[in-house]
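Take any residue in the sequence shown, note its place counting from 1, add 238, and you have its number in our numbering.
Any given hint might turn out to be false.
Simulated pairs of lysine to aspartate or glutamate, EDC-like, Cα-Cα distance not exceeding 20 Å [claimed, not checked]:
1) K262 with E272
2) K363 with D414
3) K485 with E336
4) K299 with E333
5) K621 with D580
6) K475 with E347
7) K544 with D580
8) K252 with D414
9) K243 with D513
10) K490 with E320
11) K252 with E482
12) K485 with E325
13) K544 with E329
14) K496 with E347
15) K490 with E329
16) K507 with E336
Label-pair distances were calculated between CB atoms; the ranges are [unchecked claim]:
17) S317 with M599: 22 to 32 Å
18) H288 with S266: 24 to 34 Å
19) S317 with L480: 19 to 29 Å
20) E325 with E472: 53 to 63 Å
Don't read these hints as lab results, they were simulated from the structure.
All of these numbers come straight from a predicted model, not from anything done at the bench.
For each residue, glycine too, the CB sits at the ideal point set by N, CA and C.
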Amino acid sequence: MSIEKMQLVNIAGKLDSLDRVITKCVESGCFHIESASSADLEDSGLSVLHEENPYRETLEKIVAVDLGSDFKFRRTDYSDIENESLESLSEYVSETSEKIRLLGEEISENRNSILQYEQIIAQLKHLQGLDIDMEKLSGCKHIHVRFGRLPCDSFSKLAYYEKDAFAFVHYDVDDDYYWGMYFAPVECLKKADKIFSDLYFERIWLPDYVKGKPEKEIEDVNQKYSEAKAKASELEKRRNDLIESEKERINKVFCRFKALYDCFELRSKASVLKDNFLLVGFVPAKQAENFEKPLSKIPGVSVVIKPPDSDVSLEVPVKLKTNKFTNPFSLFVEMYGLPSYDGFNPTTLVAITYTLLFGIMFGDLGQGLVISIAGALLYKKTKNKLCAIISRIGLSSAFFGLVFGSVFGFEHALDPMYRSLGFEEKPFEAIDNVNIV
Numbered sequence: 239m240s241i242e243k244m245q246l247v248n249i250a251g252k253l254d255s256l257d258r259v260i261t262k263c264v265e266s267g268c269f270h271i272e273s274a275s276s277a278d279l280e281d282s283g284l285s286v287l288h289e290e291n292p293y294r295e296t297l298e299k300i301v302a303v304d305l306g307s308d309f310k311f312r313r314t315d316y317s318d319i320e321n322e323s324l325e326s327l328s329e330y331v332s333e334t335s336e337k338i339r340l341l342g343e344e345i346s347e348n349r350n351s352i353l354q355y356e357q358i359i360a361q362l363k364h365l366q367g368l369d370i371d372m373e374k375l376s377g378c379k380h381i382h383v384r385f386g387r388l389p390c391d392s393f394s395k396l397a398y399y400e401k402d403a404f405a406f407v408h409y410d411v412d413d414d415y416y417w418g419m420y421f422a423p424v425e426c427l428k429k430a431d432k433i434f435s436d437l438y439f440e441r442i443w444l445p446d447y448v449k450g451k452p453e454k455e456i457e458d459v460n461q462k463y464s465e466a467k468a469k470a471s472e473l474e475k476r477r478n479d480l481i482e483s484e485k486e487r488i489n490k491v492f493c494r495f496k497a498l499y500d501c502f503e504l505r506s507k508a509s510v511l512k513d514n515f516l517l518v519g520f521v522p523a524k525q526a527e528n529f530e531k532p533l534s535k536i537p538g539v540s541v542v543i544k545p546p547d548s549d550v551s552l553e554v555p556v557k558l559k560t561n562k563f564t565n566p567f568s569l570f571v572e573m574y575g576l577p578s579y580d581g582f583n584p585t586t587l588v589a590i591t592y593t594l595l596f597g598i599m600f601g602d603l604g605q606g607l608v609i610s611i612a613g614a615l616l617y618k619k620t621k622n623k624l625c626a627i628i629s630r631i632g633l634s635s636a637f638f639g640l641v642f643g644s645v646f647g648f649e650h651a652l653d654p655m656y657r658s659l660g661f662e663e664k665p666f667e668a669i670d671n672v673n674i675v
């Protein structure tokens with residue numbers, strides 16, 4: 239395969255036709271636009287347009303809509319919303335985004351409540367068996383109490399503070415923590431808080447509604463916990479249903495604004511003189527005629543197609559010509575740099591040598607088929623060229639595995655098949671000599 243032949247294209251017309259021209263260029267999918275150099279602009283008296291893209295803000299707003307971590311914007315047909323005004327579409331995005339945001343905040347608040355209930359229940363379970371009224375305990379005027387847990391390593395260090403005016407009472411112990419509470423007079427509370435903070439005491443806040451005995455309060459908090467869990471499921475369902483019902487339309491709105499944004503960005507590539515514009519770029523030679531036809535229909539627009547070397551100040555873009563098999567291997571070629579326009583396209587050579595060498599080095603029928611299937615499935619999902627390469631070299635591995643008689647490392651698994659085909663043994667012995675120590 240060679241390098242795609244290009245043609246130089248000059249498009250000129252009235253400035254009020256620029257947007258239509260750019261739209262046609264973008265729709266063609268084959269126009270490589272060039273920017274005029276500063277020196278050329280000064281010599282010819284031309285200038286470039288310096289404008290703020292009016293679609294940037296809306297596009298950023300669309301991208302910021304929380305449609306889930308697995309959602310990705312994709313190219314799609316948006317012809318059914320082309321007649322809707324941009325203002326109404328922008329307003330629709332804002333309203334939908336606000337609905338999703340409010341549901342997200344409600345879900346977050348409810349999730350925090352669930353976490354709080356879990357902590358309260360865990361703390362109250364450690365208090366079970368204590369015949370105390372929580373309201374009376376926390377309502378003391380001269381002594382304050384703090385509930386929480388203290389790491390086992392820190393518990394032994396309390397002996398260093400035995401002269402300080404506080405008391406720590408633990409009512410449960412597990413492998414890592416002493417669950418308990420410490421008491422301190424009001425005037426010594428700040429010092430006690432500092433000491434326990436240094437000892438990595440993790441305070442657990444009991445809300446004001448926890449007033450009775452632990453056993454009774456556990457029942458009440460469990461009820462609130464169950465209600466919060468049920469509400470969480472309902473809120474998640476509402477948000478998922480909203481996203482599911484709106485994501486396709488939002489994707490279409492994104493595609494429309496993205497097309498408008500990209501077209502407007504290309505305005506800065508145009509050279510301008512008074513109320514006239516000039517666009518310069520390259521198209522593949524085989525597509526030049528089809529590219530010219532729709533542009534020529536725009537009133538006042540002229541299209542001139544020239545050989546690619548007509549303007550020595552411009553570097554001709556390089557497009558590698560590939561077929562269905564070799565196309566993914568252009569990834570490796572582009573990784574190291576493209577050849578010159580008049581150079582040699584090494585993609586086919588890379589594809590053949592890489593595929594053959596991989597098959598020879600890792601020849602295994604079973605593993606090769608697994609690799610090939612995995613690569614094909616991943617490519618179908620991600621459209622990543624590397625996955626397409628894996629699919630191809632997996633088939634090469636399977637082919638040479640068939641020649642070597644290897645299936646998942648078993649070198650003689652295919653011997654019966656070879657005998658049935660009239661061979662005395664497999665065609666090629668991959669492991670002919672093994673040194674044993």
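Quick rundown of the hints versus the structure:
no.	hint	in the structure
1	K262 with E272	holds (16 Å)
2	K363 with D414	holds (17 Å)
3	K485 with E336	holds (14 Å)
4	K299 with E333	holds (11 Å)
5	K621 with D580	violated (30 Å)
6	K475 with E347	holds (16 Å)
7	K544 with D580	holds (17 Å)
8	K252 with D414	violated (78 Å)
9	K243 with D513	violated (33 Å)
10	K490 with E320	holds (10 Å)
11	K252 with E482	violated (45 Å)
12	K485 with E325	holds (19 Å)
13	K544 with E329	violated (46 Å)
14	K496 with E347	violated (34 Å)
15	K490 with E329	holds (15 Å)
16	K507 with E336	violated (37 Å)
17	S317 with M599: 22 to 32 Å	violated (50 Å)
18	H288 with S266: 24 to 34 Å	holds (26 Å)
19	S317 with L480: 19 to 29 Å	holds (25 Å)
20	E325 with E472: 53 to 63 Å	violated (34 Å)
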